[in-house]
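Engineer: So the chains spell out like this:
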Amino acid sequence: MAQMTMIQAIKDAMRVELQRDPNVLLFGEDVGKVGGVFRATEGLQAEFGEERVFDTPLAESAIGGLAVGLAVQGFRPVAEIQFVGFIFEAMDQICVQAARLRYRSGGRYQAPIVFRTPFGGGVKAAELHTDPLEGLMVQTPGIKVIVPSNPYDAKGLLISAIRDNDPVFFMEHLNLYRSFRAEVPEGEYTVPIGKANVVREGKDVTIITYGAMVHTSLKAAEEIEKQRGVKVEVIDLRTLMPLDIDTIVESIKKTNRAIVVQEAQKSAGVAAEVIAQINEKAILHLEAPVLRVAPPDTVYPFAQIEDQWLPSPASVIAGLNKVLDF
Amino acid sequence: MSKPYEVRVEKVQPLSILATDGTIVNQEEMPKLSDDQLRELMRRMVFTRTWDQRAVNLTRQGRLGFYAPVSGQEATMVGSEFVLNRDDFICPGYRDMPQIVWHGLPMYQAFLYSRGHQHGGQIPQDVHVLMPQIIIGAQYLHAMGVAMAFKKRGEKRVAITYTGDGGSSEGDFYEAMNFAGAFKLPAIFVVQNNGYAITTPFAKQTAAESVAHKAVAAGIRGVQVDGMDVLAVAKAVQDAAERARNGEGATLIEAITYRFLPHSMSGDDPSKYRTKEETAEWEQKDPLHRLRELLKSKGLWTEEEENQIIEEAKATVAEQIKKAEETEKMTVPGLIDSMFETTPSHLEEQKAEFLGKGEK
Numbered sequence: 094m095a096q097m098t099m100i101q102a103i104k105d106a107m108r109v110e111l112q113r114d115p116n117v118l119l120f121g122e123d124v125g126k127v128g129g130v131f132r133a134t135e136g137l138q139a140e141f142g143e144e145r146v147f148d149t150p151l152a153e154s155a156i157g158g159l160a161v162g163l164a165v166q167g168f169r170p171v172a173e174i175q176f177v178g179f180i181f182e183a184m185d186q187i188c189v190q191a192a193r194l195r196y197r198s199g200g201r202y203q204a205p206i207v208f209r210t211p212f213g214g215g216v217k218a219a220e221l222h223t224d225p226l227e228g229l230m231v232q233t234p235g236i237k238v239i240v241p242s243n244p245y246d247a248k249g250l251l252i253s254a255i256r257d258n259d260p261v262f263f264m265e266h267l268n269l270y271r272s273f274r275a276e277v278p279e280g281e282y283t284v285p286i287g288k289a290n291v292v293r294e295g296k297d298v299t300i301i302t303y304g305a306m307v308h309t310s311l312k313a314a315e316e317i318e319k320q321r322g323v324k325v326e327v328i329d330l331r332t333l334m335p336l337d338i339d340t341i342v343e344s345i346k347k348t349n350r351a352i353v354v355q356e357a358q359k360s361a362g363v364a365a366e367v368i369a370q371i372n373e374k375a376i377l378h379l380e381a382p383v384l385r386v387a388p389p390d391t392v393y394p395f396a397q398i399e400d401q402w403l404p405s406p407a408s409v410i411a412g413l414n415k416v417l418d419f
Numbered sequence: 009m010s011k012p013y014e015v016r017v018e019k020v021q022p023l024s025i026l027a028t029d030g031t032i033v034n035q036e037e038m039p040k041l042s043d044d045q046l047r048e049l050m051r052r053m054v055f056t057r058t059w060d061q062r063a064v065n066l067t068r069q070g071r072l073g074f075y076a077p078v079s080g081q082e083a084t085m086v087g088s089e090f091v092l093n094r095d096d097f098i099c100p101g102y103r104d105m106p107q108i109v110w111h112g113l114p115m116y117q118a119f120l121y122s123r124g125h126q127h128g129g130q131i132p133q134d135v136h137v138l139m140p141q142i143i144i145g146a147q148y149l150h151a152m153g154v155a156m157a158f159k160k161r162g163e164k165r166v167a168i169t170y171t172g173d174g175g176s177s178e179g180d181f182y183e184a185m186n187f188a189g190a191f192k193l194p195a196i197f198v199v200q201n202n203g204y205a206i207t208t209p210f211a212k213q214t215a216a217e218s219v220a221h222k223a224v225a226a227g228i229r230g231v232q233v234d235g236m237d238v239l240a241v242a243k244a245v246q247d248a249a250e251r252a253r254n255g256e257g258a259t260l261i262e263a264i265t266y267r268f269l270p271h272s273m274s275g276d277d278p279s280k281y282r283t284k285e286e287t288a289e290w291e292q293k294d295p296l297h298r299l300r301e302l303l304k305s306k307g308l309w310t311e312e313e314e315n316q317i318i319e320e321a322k323a324t325v326a327e328q329i330k331k332a333e334e335t336e337k338m339t340v341p342g343l344i345d346s347m348f349e350t351t352p353s354h355l356e357e358q359k360a361e362f363l364g365k366g367e368k
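First to last, the protein sequences are chains A and B. For the first sequence, the positions run 94 to 419 when our numbering is used. For the second sequence, the positions run 9 to 368 when our numbering is used.
Wrong hints could be hidden among the right ones.
[Unchecked claim] A partial selection of chain B residues facing chain A, derived with a Cβ cut-off under 8 Å:
id, residue
1, ALA146
2, ALA157
3, SER177
4, PHE268
5, LEU269
6, ALA323
7, ALA326
8, GLU349
9, SER353
No lab work stands behind these hints: they were computed from the structure. Note that the Cβ used here is the ideal one computed from N, Cα and C, for glycine as well.
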């Protein structure tokens, strides 16, 4: 089995699908010859030709609309939005046109589109390159939202996303692209959309998280175990819409305590939704309120203070201590 | 005097073939249409005018929902669709019901769309249209994408899309034309410049010399036509389609036209933003009158025939609205199931909750 970084795994997923299905197309700004600003598509144009993998003019709404028009004609576009903050230029095409196509047409048309975009902080990028916008997407009916945390999941989830007949918003954390390697199988395999992963088993408290915060949470879990001997269970959501509430509830039945850790601003986001669903389905199993560990409700800060702004192992441990000592 | 490094734009003269009295003033630009096809164009315009009048009444009776009147714009709508092939693809705006119905969408589905029923958008498999677009200009991008699909598959098909003069101010309008230019796509972008974006007059819409000039910036062909002249519209679209099929790329067609009625039947009062004199002047340019006079002069049209078509249109509308009214209503569980190909468990749960609430 090959050792791959997450960006290599993502590229491998696209290669597998380009080989398998002639209707899969890759496009976006700079994705062709150079392979994208993060090289996610490097070499794919040389391998599959300019008809399958191509650069577009610089216009995000048109990239989204192109994807919708091609999808209406039976293609399966994988459209790259170069940085997450640029999706605002394409919000109508992603959140209205693609996400509502099946509903508006009573199922006559579908939008089997993957919108891929890098996001995520801690890398000192320019403004609007890293903002955690998953909450906006999760609140949009008709679109699935995926945030992988490791190379194996990234490849398997991206293949699932490309094969899905509904639009998928696929968010790739910048800090995870090249931070570590992991074993990734050659060829095709899928990781199901809508299934969370228990990445660390524990019995005393659950951390529910996703993306880069999985790694922050794992560090916190190890540290607090050393500090006070508690066993922390960590759940990687992997898919934010649909949400795997069953795995969360199973864990809470075991641990009776939980926190939700997210990189996005605190209010009204994925963490709020997770807690609302826990209240609906597992409140009698709780020994303490479920807390959010998340940055304040400000705009995503300029690079100078982003490390202080983002949740850290220490802030996760503080959250764990609160629910453990409630 | 302008400098050599200054971009200069010149005024454009709209293509005109049929004078307001029905005489041909531009024989060399006549579209390739037989006498039978000319008669069919007339039949369709008369039918569309009657259908529009009936639809306005149905809206007043509460039997239709959102409806945007089309009277005055028949030459552009009917004429542009008429010269397309059956497998060419239409991406309409909300006013463009005539084009998609003449392209094959059953009229009762157009009525269902107006009434807020999902089945209105369930386009039959062999009808090559999208349901009407509400977001101004978004359909330009979809047409561009559809056109790219045709090009990729090597099909000699054309994608055509429509918006109004207001739509030409949208970023999507320009982005679509720019992509179509860069990829040399078989697309036809039609702007029905009816003088007003709801109430905002064209003079306040843009300082550009014309909408057609906007094609220059995108590197595609731009033309302006008299949109009340069905022969000019047919010719412009025929040319654009031929060029598109020959791999010569996209065309922007600005059709200068007028809507005789309000923007929609949902509240705007045209007397607040335009004068009676203006409307009367445009009525002199009525597209039906012009073609009728031409056909009469050739012995191809009679009043009896026209009355018969009006009766036929009324009967069709009556039958189709009945069919729409008798169509089974949408349901909330059905709506929930239309969000995704396979309904996820949380929506299944919400569906069950909804059904439980309904039983109480």
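Engineer: Hint by hint, say whether it matches the structure.
Structural biologist: Structure-based check of each hint:
1. ALA146: 6 Å, holds
2. ALA157: 3 Å, holds
3. SER177: Check failed: Cβ of SER177(B) comes no nearer than 14 Å to chain A, outside 8 Å.
4. PHE268: Violated, because the Cβ-Cβ distance from PHE268(B) to chain A comes to roughly 30 Å (cut-off 8 Å).
5. LEU269: 26 Å, violated
6. ALA323: Violated, because the Cβ-Cβ distance from ALA323(B) to chain A comes to roughly 28 Å (cut-off 8 Å).
7. ALA326: Violated: closest Cβ of chain A sits about 25 Å from ALA326(B), beyond 8 Å.
8. GLU349: Cβ of GLU349(B) sits 4 Å from chain A, so the hint holds.
9. SER353: Holds - the Cβ of SER353(B) comes within 8 Å of chain A, reaching about 7 Å at its closest.
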